[in-house]
Amino acid sequence: EAGVTQFPSHSVIEKGQTVTLRCDPISGHDNLYWYRRVMGKEIKFLLHFVKESKQDESGMPNNRFLAERTGGTYSTLKVQPAELEDSGVYFCASTEGGRAFYNEQFFGPGTRLTVL
Amino acid sequence: AQSVTQLGSHVSVSEGALVLLRCNYSSSVPPYLFWYVQYPNQGLQLLLKYTTGATLVKGINGFEAEFKKSETSFHLTKPSAHMSDAAEYFCAVSHTGFQKLVFGTGTRLLVSP
Chain E
4 EAGVTQFPSH
14 SVIEKGQTVT
24 LRCDPISGHD
34 NLYWYRRVMG
44 KEIKFLLHFV
54 KESKQDESGM
64 PNNRFLAERT
74 GGTYSTLKVQ
84 PAELEDSGVY
94 FCASTEGGRA
104 FYNEQFFGPG
114 TRLTVL
Chain D
2 AQSVTQLGSH
12 VSVSEGALVL
22 LRCNYSSSVP
32 PYLFWYVQYP
42 NQGLQLLLKY
52 TTGATLVKGI
62 NGFEAEFKKS
72 ETSFHLTKPS
82 AHMSDAAEYF
92 CAVSHTGFQK
102 LVFGTGTRLL
112 VSP
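Sequence lines, in order, name chains E and D. Start counting the first sequence at 4; every next residue gets the next number (the working numbering). Start counting the second sequence at 2; every next residue gets the next number (the working numbering).
Hints in this document: simulated from the structure, not taken from any laboratory. We treat Cβ as the ideally placed atom computed from N, Cα and C, and that holds for glycine. Any given hint might turn out to be false.
Stated by the list, open to error - No more than 25 Å apart at the CA atoms, straight line, and that leaves these computed lysine-lysine pairs for BS3-like:
{"#": "1", "chain 1": "E", "residue 1": "Lys47", "chain 2": "D", "residue 2": "Lys50"}
{"#": "2", "chain 1": "E", "residue 1": "Lys57", "chain 2": "E", "residue 2": "Lys81"}
{"#": "3", "chain 1": "E", "residue 1": "Lys47", "chain 2": "E", "residue 2": "Lys18"}
{"#": "4", "chain 1": "D", "residue 1": "Lys50", "chain 2": "D", "residue 2": "Lys69"}
{"#": "5", "chain 1": "E", "residue 1": "Lys44", "chain 2": "D", "residue 2": "Lys50"}
{"#": "6", "chain 1": "E", "residue 1": "Lys18", "chain 2": "E", "residue 2": "Lys81"}
Claimed, not checked - Okay, the calculated bits of chain E under chain D, using three or more residues with CB under 8 Å as the criterion:
{"#": "7", "segment": "34-45"}
{"#": "8", "segment": "108-114"}
Unchecked claim - Chain D residues, not near chain E, derived (Cβ > 12 Å throughout):
{"#": "9", "residue": "Val14"}
{"#": "10", "residue": "Glu16"}
{"#": "11", "residue": "Ala18"}
{"#": "12", "residue": "Ala55"}
{"#": "13", "residue": "Lys59"}
{"#": "14", "residue": "Lys70"}
{"#": "15", "residue": "His76"}
{"#": "16", "residue": "Thr78"}
{"#": "17", "residue": "Ser81"}
{"#": "18", "residue": "Ser85"}
{"#": "19", "residue": "Ala87"}
{"#": "20", "residue": "Leu110"}
{"#": "21", "residue": "Pro114"}
Can you make the complete structure from the sequences, with help from the hints?
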């Protein structure tokens, strides 16, 4: 069974450009999470989808970030326009439906975003 | 609000020595506690978790952790380090109704021969 996949693995862009990150969760997982780790800091929650609906987006930094989950399958996270402080590693995770608060979240390898 | 503190951004041990990675949490309600490990170029992998019941939790690769409510701690241990244990370890907390994980800053474990 394929794990959580993320694309691209690395992205280097100029300040002011747009970048779109993609996450493919494990097939059948209703819950999808985005996290971010800025260098040297903790991994921070960004948002949580249940199927195609945003359950919790309390961690989204500002309106330059837009997350979507079409048809409850893969998800994209768009940053527009990118700023220097957006650099970091963006992780995606997924879990099955149901009582997911203590279910294992399966993580992807992350996308390393560098904004110059 | 919940928070997690991991003491020591880097911990160095010799192969065969005891591994102790410290984690303290802050939570106003009973927490669910997790340890994740990240090997180079891989995603985070769950080592073990505490939800309810027995406070000593055994995980994969010989790791275990003990939930101590009085000390608000969930330290990770392994009796004998192996070279393959070199990785970054993250402690995390969540609680009922809040499915997001709150992570500590991570501890990189270095194992020398």
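Exercise. Is the hinted pair Lys47(E) and Lys50(D) satisfied, with a Cα-Cα distance of at most 25 Å?
Worked result: Holds, because 19 Å separates the two Cα atoms, which is no more than 25 Å.
Problem set entry | chain E versus Ala18(D) - minimum CB to CB distance exceeding 12 Å, so not interface | holds (26 Å)
Exercise. If you draw a straight line from the CA of Lys50(D) to the CA of Lys69(D), is it 25 Å or shorter?
Worked result: Within the cut-off at roughly 14 Å; holds.
Exercise. Closest CB-CB distance from Lys70(D) to chain E, is it above 12 Å?
Worked result: Consistent with the label, Lys70(D) stays out of reach of chain E, its closest Cβ about 17 Å off (over 12 Å).
Problem set entry | Leu110(D) non-interfacial with respect to chain E [C-beta, more than 12 Å] | holds (17 Å)
For this session: Compare the distance between the alpha carbons of Lys47(E) and Lys18(E) with 25 Å, and conclude whether the hinted pair is satisfied.
Result: holds (22 Å)
Exercise. So is Ala87(D) really clear of chain E, every C-beta pair being over 12 Å apart?
Worked result: holds (18 Å)
Exercise. When you check the alpha-carbon spacing of Lys18(E) and Lys81(E), does it fall within 25 Å?
Worked result: The given pair, whose Cα atoms are some 14 Å apart, holds under the 25 Å limit.
Exercise. Glu16(D): least C-beta distance to chain E exceeds 12 Å?
Worked result: holds (27 Å)
Exercise. Taking the closest pair, is the beta carbon of Ser85(D) still more than 12 Å from chain E?
Worked result: Check passes; 18 Å lies beyond 12 Å.
Exercise. Are all C-beta atoms of chain E more than 12 Å from that of Ala55(D)?
Worked result: holds (15 Å)
Exercise. Does the claim that His76(D) lies outside the interface with chain E hold up, using a Cβ gap greater than 12 Å?
Worked result: holds (18 Å)
Comparing the model with each earlier hint shows no violations; every hint is respected.
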